[in-house]
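**Q** Chain by chain, the residues:
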Amino acid sequence: MEELTIIQAVNKGLRRAMDSDPEVLLMGEDIGKLGGVFRATEGLQKDFGEDRVIDTPLAESGIVGTAIGLALYGYRPVVEIQFDGFVYPAFDQIVVQLARMRYRSAGALQLPITIRMPFGGGIGSVEHHGESPEAYFASTPGLRVVACADPTDAYWMIQQAIASDDPVIFLEPKRRYYQKGELDTTADLTSVLPMYKAKLLVEGSDCTIISYGPTVATALQAARLAAEDGVKLEVIDLRSLSPLDLETLKTSVMKTGRAIVVHEASSSGGIGGEVGQCLMQSCFYNLKAPVLRVTGYDTPYPPSRIEDHYLPDADRILDAVEKSMSY
Amino acid sequence: MEELTIIQAVNKGLRRAMDSDPEVLLMGEDIGKLGGVFRATEGLQKDFGEDRVIDTPLAESGIVGTAIGLALYGYRPVVEIQFDGFVYPAFDQIVVQLARMRYRSAGALQLPITIRMPFGGGIGSVEHHGESPEAYFASTPGLRVVACADPTDAYWMIQQAIASDDPVIFLEPKRRYYQKGELDTTADLTSVLPMYKAKLLVEGSDCTIISYGPTVATALQAARLAAEDGVKLEVIDLRSLSPLDLETLKTSVMKTGRAIVVHEASSSGGIGGEVGQCLMQSCFYNLKAPVLRVTGYDTPYPPSRIEDHYLPDADRILDAVEKSMSY
Amino acid sequence: QATALQRQGELGLWAPLLGQEAAQIGSGRALEAQDYAFTTYREHGIAWCRGVDPVDMLRFWRGTMHQSWDANLHRLYGYQVIIGAHALHATGYAMGAQHAGRVGTGEPGRDQAVVAYFGDGAMSEGDVNEAFVFATAYQAPVVFFCQNNQWAISEPTKRQSLVPLAQRAEGFGLPGVRVDGNDVIACHAVTAEALNRARSGQGPTLIEAVTYRMGAHTTSDDPTKYRDGADDELWRARDPIERLRIHLQEKNVLNEELEAELAREAASLAERMRVSCRELPDPHPLSMFDHVYAGSDARIDEQRREVKAILDEEGVS
Amino acid sequence: QATALQRQGELGLWAPLLGQEAAQIGSGRALEAQDYAFTTYREHGIAWCRGVDPVDMLRFWRGTMHQSWDANLHRLYGYQVIIGAHALHATGYAMGAQHAGRVGTGEPGRDQAVVAYFGDGAMSEGDVNEAFVFATAYQAPVVFFCQNNQWAISEPTKRQSLVPLAQRAEGFGLPGVRVDGNDVIACHAVTAEALNRARSGQGPTLIEAVTYRMGAHTTSDDPTKYRDGADDELWRARDPIERLRIHLQEKNVLNEELEAELAREAASLAERMRVSCRELPDPHPLSMFDHVYAGSDARIDEQRREVKAILDEEGVS
Ligand SMILES: Cc1ncc(C[n+]2csc(CCOP(=O)(O)OP(=O)(O)O)c2C)c(N)n1
Ligand SMILES: Cc1ncc(C[n+]2csc(CCOP(=O)(O)OP(=O)(O)O)c2C)c(N)n1
Ligand SMILES: [Mg+2]
Ligand SMILES: [Mg+2]
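Chains as they are written, first to last, in the numbering used here: chain A, 1 to 327; chain B, 328 to 654; chain C, 655 to 971; chain D, 972 to 1288.
Think of the hints as simulated: they come from the structure by calculation, not from any bench.
No residue lacks a Cβ here, since even glycine has one placed at the ideal position from N, Cα and C.
Check each hint, because a few of them may be wrong.
Unchecked claim - Which stretches of chain A does chain B cover? Using the computed rule of at least three CB atoms under 8 Å from a CB of chain B, they are:
1. 83-94
2. 132-139
3. 270-282
4. 292-305
Let's have the full structure, built from the sequences with the hints guiding it.
**A** Now the structure itself:
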């Protein structure tokens, strides 16, 4: 057991993946000497060399496109996209080339590529540094999209993502990078909870709060506050945004009859709507209230001085709980 | 009144828009002498000249990026993306630059750009020629996303899209391009149904079928078949995929208590989930059954020899109606 | 077999390579077994050189499969439709060879090179230019073979560039070579040399093969709308097959007998294709649910069951 | 005011331009009122030349606005953070000028040109290379001004290209010029000439201004992790401000008095910025719902009401 931050856990996980599989390569902008703008790859180029920790030219489509070639050759590239807002130039390579290779080749070719991305807002930065693009990827068949919310998941899930034979979009909760937690590295990869499973964090009987990434901590805070008023919230960390672990969600909502999905991304077209629709289909008779959404609003990300009003907080979750209970 | 096809109506609409506004420019690959691979711009370069109907180099990001510059100068570019599957290289320019310009500049700058795109499958073609990328755009704040389903809407909506001061993604139902219909061109643009409104096509009391683009014809066919068995389906053409015209949908579902969303795009993360979630929130007590989805499956688009099994047809819609009624 | 290929070009069930036989066969024959190639939808000549059965090529065009042949077996990636995307895949694959120590060893049969084939229009796509950046940055063993067939559907090459495309190379710091794309021997020579440079660790090369698209862009295209016959005439006179025939006749390699035999071969191949094409089996509808992910997926399994039920009703097995 | 600008560079509330003053002021001063410019997050010197109040520049960095100034008023697009994206916007804007007949008329003050400013790292992005393609294809009146400050955050220019960046131009068919980016007079001269070419209808130009990023990439960067002080020393000796000072002293343009006055100006500006910065008003929370669309939108209106209710509860007006 040791205490470390999410970013340190990512770094440790990457190191272990590289230790255990020589085919694992890291690619990205400024990941070498600098160790990445968030230091996720700190020290790795020093220890694994410049051809396993590759500083690339400044071109995202080029990074993902060449990673695809490297994967076809037999490597396991782990690509870092420096910020969520800079992934779009690589969109064609990700959703058209990367996501479909296995399908297109009827299983003959596979691309075990992991694309790491810090995501979400709340760090007081300028435009393009606080985005939540997860829905674009979650709605793309062939991609696996996962998000970690604590050091333990950061450490194990990044290794599971790299070990996966499918391409994985790995989302890291930027503003929680320095959140600390206990980490036990002794377990082995196959024995820990798989990344495609949702995780029940808090049991409760009144209403299910479903979240992922940076808003998991917000949901937990809301649960603590609600408990003080005797309201028992059940908190689930979705972890896998695509495919969804509907079984775990269904079991919970069958019990509580109420659900609220929380994320920073806009409501419209976000993960919340898909989760809500699936729950309506699978728990129709058990729903005591419509599934509700507490999310970022349907606008582009606002200037940072007012971002706190845009991001979901515990109060907004509790208001939604009240609304749900009022049905 | 004259009878013409959807593609002819698009051509006529573009011509009228260019006649009535000298700032309107067309840009795209092969839209000049060739008149576009579907002939949407047939004859327009001959009549309006090479600097109003511009054949561009083969680079989608470049086309949209330069269209943005032209719009900043004061023009109204209408961009043709040759096929749905080729829009992704322009994704950054569309969702990061085009969609946010008004917001980013606090209203000082606007980009009245229309991006035309044939979409949907069913034409027996090769990979990348049968896609439904609408959800990527509909979940992007700042973009308006509309789809036409008949010659009348093709003619008027393309003109409304061009006249709109917001950027518009204009989706044309590829496999219905040669569907004929009566068109009355005498009305004027402001008097016809606005493109952001959904349209009630068939009144019915049992179940609401919500669709857009190529599957509207499928929904109408299902309604005819159902009528023979005495089941009264209400058919709505969504037309605007973002923003959604919830009022029209709500009014219908409040009455029928049942809704089925039909589209070619995959279920997960598609328009159907968003519509379903919104209806659950607005019609909770009136829903007699969960909103159901009849869509393409959660796979990449399959080889054309089996695409008919992938695309929603009247039978699948009727099965869903039965399922909905069984609740 | 160039003759046979021309016949294939005339099959017209696809994007015809008519007029570009020399560029494709000439360069394609320069690849060694351990090399790897990435092509567009028009490089049937390359596929032929990599040992792909022309009948298999038809699977893609008939719509029975997204990828027509086994990429691993032929060391040839399937037809790429997204213009330029594969230039980056080729560059990455070449970086892989480098990383695996399969470059510059000098051991015969060990050193690898990669070729990316694309057209004049592709030179405008960001991906192709980014590929030049990565290839030079890492000095990857990749050869970019651009067939300038004068047209990108209806757009002449000058819409993409006012200067020769080979000149693009210098600007990125890789050598650029311009070759007569209708001279099969020249195309073979420049490609072989570029591949040797790549394998021996001297880095990437861009080759522009100047040729002409004699046919329509694809079978659904109508060139009369955008180009007059004049050029066609000009280039018909430069027909690469005809040039090769005359050359081989002068060298007394090709005689009536051999020609007749080739013609027979071509005819029978054409016949076999006509027949086999119609006989290509359609995939089973349920196969559309296979290979989305490595493992199984609950959503997809449920959807498969749904379609299975429909098929059972319809009595499809 | 170059001195004042240096002071600003030292403010360090943002991406400092320290070391690049000559490249920016020299080229920025070459623009005429009717021209238009597109810049990255580092071109404060250009903004200064376009008449933007340094205090306004801070709005973006403080997070009170996405765009710091009125683009229409200053004929200068706001800071672009997405590397390379604006090279296409500049090219399109130049195509607009062309289309509007504002090129090659010879009427003073009528002909327009556009400048796109970006860095050495941006040269690798597809968008920048596509901009070269479009600019040459239409011979648009645009000048691409690349400040090669030797670094893209932690990556040296050689990671992007092994050959001089100016050489990239030839490959696309536009002239490429390399200039000493620390010589304010030279930067002014080459930019003025390129702008004249553009305005008179002779097409685009690429200028590479070789300079050095003396400071950190941004205030959250730590250059000691990836570069040693040696270069810094080398380039400090080439400080563009110092060079200009000596030059002006020799020409007797700059004397103690004037210097002292400039220093006072700079100091008071720095002071004003320090003060005003803290006083920059935060936007009203509800403003985050404005300007998503031209018209109103039901979803957004509902969400605005929701936040309004919350604010009312909290007693925020
Ligand atoms: C990204 C992308 N944009 C557009 C298209 C449509 N398209 C197919 S082929 C073609 C022209 C390609 O020209 P060129 O690169 O010269 O190759 P050629 O067809 O001449 O062999 C176009 C525009 C496409 N397939 N992919
Ligand atoms: C598309 C995109 N990718 C990555 C980044 C992150 N990033 C910000 S600045 C920068 C380096 C830019 O270097 P250069 O173009 O030389 O400009 P400079 O900062 O040196 O002025 C990077 C990689 C970005 N802003 N946009
Ligand atoms: Mg061509
Ligand atoms: Mg730089």
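**Q** Hints first: check each against the structure and report whether it holds.
**A** Each hint tested on the structure:
{"no.": "1", "hint": "83-94", "result": "holds (count 5)"}
{"no.": "2", "hint": "132-139", "result": "holds (count 4)"}
{"no.": "3", "hint": "270-282", "result": "holds (count 9)"}
{"no.": "4", "hint": "292-305", "result": "holds (count 5)"}
Violated hints are absent here; each numbered hint is respected by the structure.
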